[in-house]
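Letter by letter, the chains look like this.
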Amino acid sequence: MAEALHFLRRNPLAAVGAAMLSAILLAVLVGPWLSPSPISIDMTRKLVPPGLAQPLGTDFFGRDVLARVLHGGRATLAIGIGVVTLAFLAGTAFGIVAGFLGGWVDLVMMRVVDALLSLPSLVLAIALAAALGPSLQNAMLAVAIALAPQFARLARAQALSISVLPYVEAATATGSTMMSILWRHILPNGIGPLLVQASLAVGSAILQTASLGFLGLGAQPPAPEWGADVSGNLQYLRETPWAALAPGAAILLTVLSFNLIGDALGDWFNPRRRRME
Amino acid sequence: MGRYVLQRLAALAPVLLLVLVIVFSLSRLIPGDPATTLLGPGATETQIAALRAQLRLDEPAHWQLLAYLGGVLQGDLGRSLKTGAPVLNEILLRLPATLELTIAATLVAVVIGVPVGVLSAVGPNSALDHAVRLVSLAGVSMPAFLLAVLLQLVFGIHLGLLPISGRSSPFFLDDPITGFMVLDGLISGDLELAGDALRHLLLPTAVLAAFLAATLARFVRNAMLDVMTEDYVRTARSKGLPERAVVFVHALRNALLPAVTILGLKFAELLGGAILTETVFAWPGVGRYMFDAISNRDYPVVQGATLVFALLFMLVSLGVDLMHGVLDPRVRRRMG
Numbered sequence: 001m002a003e004a005l006h007f008l009r010r011n012p013l014a015a016v017g018a019a020m021l022s023a024i025l026l027a028v029l030v031g032p033w034l035s036p037s038p039i040s041i042d043m044t045r046k047l048v049p050p051g052l053a054q055p056l057g058t059d060f061f062g063r064d065v066l067a068r069v070l071h072g073g074r075a076t077l078a079i080g081i082g083v084v085t086l087a088f089l090a091g092t093a094f095g096i097v098a099g100f101l102g103g104w105v106d107l108v109m110m111r112v113v114d115a116l117l118s119l120p121s122l123v124l125a126i127a128l129a130a131a132l133g134p135s136l137q138n139a140m141l142a143v144a145i146a147l148a149p150q151f152a153r154l155a156r157a158q159a160l161s162i163s164v165l166p167y168v169e170a171a172t173a174t175g176s177t178m179m180s181i182l183w184r185h186i187l188p189n190g191i192g193p194l195l196v197q198a199s200l201a202v203g204s205a206i207l208q209t210a211s212l213g214f215l216g217l218g219a220q221p222p223a224p225e226w227g228a229d230v231s232g233n234l235q236y237l238r239e240t241p242w243a244a245l246a247p248g249a250a251i252l253l254t255v256l257s258f259n260l261i262g263d264a265l266g267d268w269f270n271p272r273r274r275r276m277e
Numbered sequence: 278m279g280r281y282v283l284q285r286l287a288a289l290a291p292v293l294l295l296v297l298v299i300v301f302s303l304s305r306l307i308p309g310d311p312a313t314t315l316l317g318p319g320a321t322e323t324q325i326a327a328l329r330a331q332l333r334l335d336e337p338a339h340w341q342l343l344a345y346l347g348g349v350l351q352g353d354l355g356r357s358l359k360t361g362a363p364v365l366n367e368i369l370l371r372l373p374a375t376l377e378l379t380i381a382a383t384l385v386a387v388v389i390g391v392p393v394g395v396l397s398a399v400g401p402n403s404a405l406d407h408a409v410r411l412v413s414l415a416g417v418s419m420p421a422f423l424l425a426v427l428l429q430l431v432f433g434i435h436l437g438l439l440p441i442s443g444r445s446s447p448f449f450l451d452d453p454i455t456g457f458m459v460l461d462g463l464i465s466g467d468l469e470l471a472g473d474a475l476r477h478l479l480l481p482t483a484v485l486a487a488f489l490a491a492t493l494a495r496f497v498r499n500a501m502l503d504v505m506t507e508d509y510v511r512t513a514r515s516k517g518l519p520e521r522a523v524v525f526v527h528a529l530r531n532a533l534l535p536a537v538t539i540l541g542l543k544f545a546e547l548l549g550g551a552i553l554t555e556t557v558f559a560w561p562g563v564g565r566y567m568f569d570a571i572s573n574r575d576y577p578v579v580q581g582a583t584l585v586f587a588l589l590f591m592l593v594s595l596g597v598d599l600m601h602g603v604l605d606p607r608v609r610r611r612m613g
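First to last, the protein sequences are chains A and B.
Residue numbers for the first sequence, in the working numbering: 1 to 277.
Residue numbers for the second sequence, in the working numbering: 278 to 613.
Hints should not be assumed to be uniformly reliable.
Residues on chain A that point at chain B, a partial pick, calculated with CB under 10 Å [to be verified]:
1) V16
2) V97
3) L101
4) V105
5) V108
6) L132
7) Q208
8) G216
9) L234
10) A244
11) D267
12) W268
Restraint-style ranges between C-beta atoms, simulated for each label pair [what the hints assert, rightly or not]:
13) A:A173 <-> B:G456: 52 to 60 Å
14) A:A53 <-> B:T321: 49 to 57 Å
15) A:T174 <-> B:R607: 21 to 29 Å
16) A:A173 <-> B:R607: 17 to 25 Å
17) A:L34 <-> B:V431: 28 to 36 Å
18) A:L34 <-> B:L604: 55 to 63 Å
19) B:N573 <-> A:A53: 40 to 48 Å
FYI, nobody ran anything at the bench for these hints, they're computed from the structure.
Here the structure is a predicted model, which means the values were calculated and not measured.
We put the CB at the ideal spot given by N, CA and C, even for glycine.
Please work from the sequences and hints to get the whole structure.
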């Protein structure tokens, strides 16, 4: 905890990100209890501009835009964090073993990763969602499958370049076991870019799920979801831009707060860059 | 080096096979009977039976797979359920539009992203560095569709400066030479066409380039900072080389390696972004075609587009791997 505070004090951008994320988490967790139903239709109050009663106005069906943003955020955050944790653990373990061992093992392991990586993740997610039928669960499944190989490939590249460095050679020469070399030398020295990647991946996971929603392949109406709410309100962009821009801004701010923290973490866990501060 | 190239090519074959198996399997994930699901509730028994025969649904799965692989080898990606046209032809017709967009975006992103990343790394934690980090983070955090909508709102609707949909104004005849409209206009000396196509290209390119330039700037900055602590950089400084030489000759060259890797990796996201961008801007490329096919439940088209995007990405990845071999002698030696 003390270290976390120290980290935030030394990284103003990360502190801003953490503050933003805390505010978003609080709003998304508590907000839905305090706000009106996101799906109750009131045609007498459609396309009302932002005001006191409805801070973000209403959409074409008279639904409260703020309520929809708050409710839609719950699914979005859960997806982002859960999917990335799994992808990070599986991908990193796979990748550093392949990169360190090299040779045939590496060749075979990487073919599997290559095949998955050869399908651009959003393209794969779209094709999967189109086949399985549009739903939030299917969208999540696709994004999870698509993310893990990215970690494997980056972890392998790190292990590959670090395993030729003199200190690994020295560790090998003094009889360290493979596990200890991976754990004590390769992982600590290679983890910086992986953490940056992980923080970006939470962002990517949220962005991709929202993109599927935008294309009509994620959450289905009338369920509130940020991406779907942007595309649903595009028709009225000229008259009532807030209805489309509010959920869009929610995506931007959430992803940005994750990226702000991840970016600073990347520097923090990189001993070479840390020294320069 | 020749052996390295051959090794990379040989390594591609099993990957390609795995990719084909994955793309084939996609269509078998359609719940229920794919023929019934794809044709929808209004279909007659005869239509369903015909589609079942076309998709070979009555045969065992491995025969279906072999038939699919055989078809792909002969350039047969199936036929569109909507129009009956061969999927490959339809995709090839739209491919230049997508390539024009992605190439333009990549060029813009490299020209902006790399220098910005270097500037940011030269003075870490300076005001400029913080500004670059914040802006580039916002760039990678921005959903492509939101940026597209914002640009349409500002430049198209409010300012009325730029067209917000399509690839050219309707009165220009489509007479492709290279298929890249801006180039075609320049080659045929039709500056009006080139200008018109360029104006249409600007906003979609900006959307795609924004995220890529931001990504590049971030990675070039981080890679430069890593490299700047290397012994050879200290050596270069201590032997009295001017800072400019240290940065550009010693640091940048080594920092560009990870940047090339990232550029290759991010090409996948660029293609995904192209689907969103083409959809919002009604850009007549493969991405827009894929989106339309989803609405029409035209799954052979979705499958074909998925495969073509995968192949494009594989080509770029191969290029990046080869470039890595050229640029990094350590990798070359290790790979044999």
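Going through the earlier hints one by one, which of them does the structure break, listed in rising order?
2, 3, 4, 12
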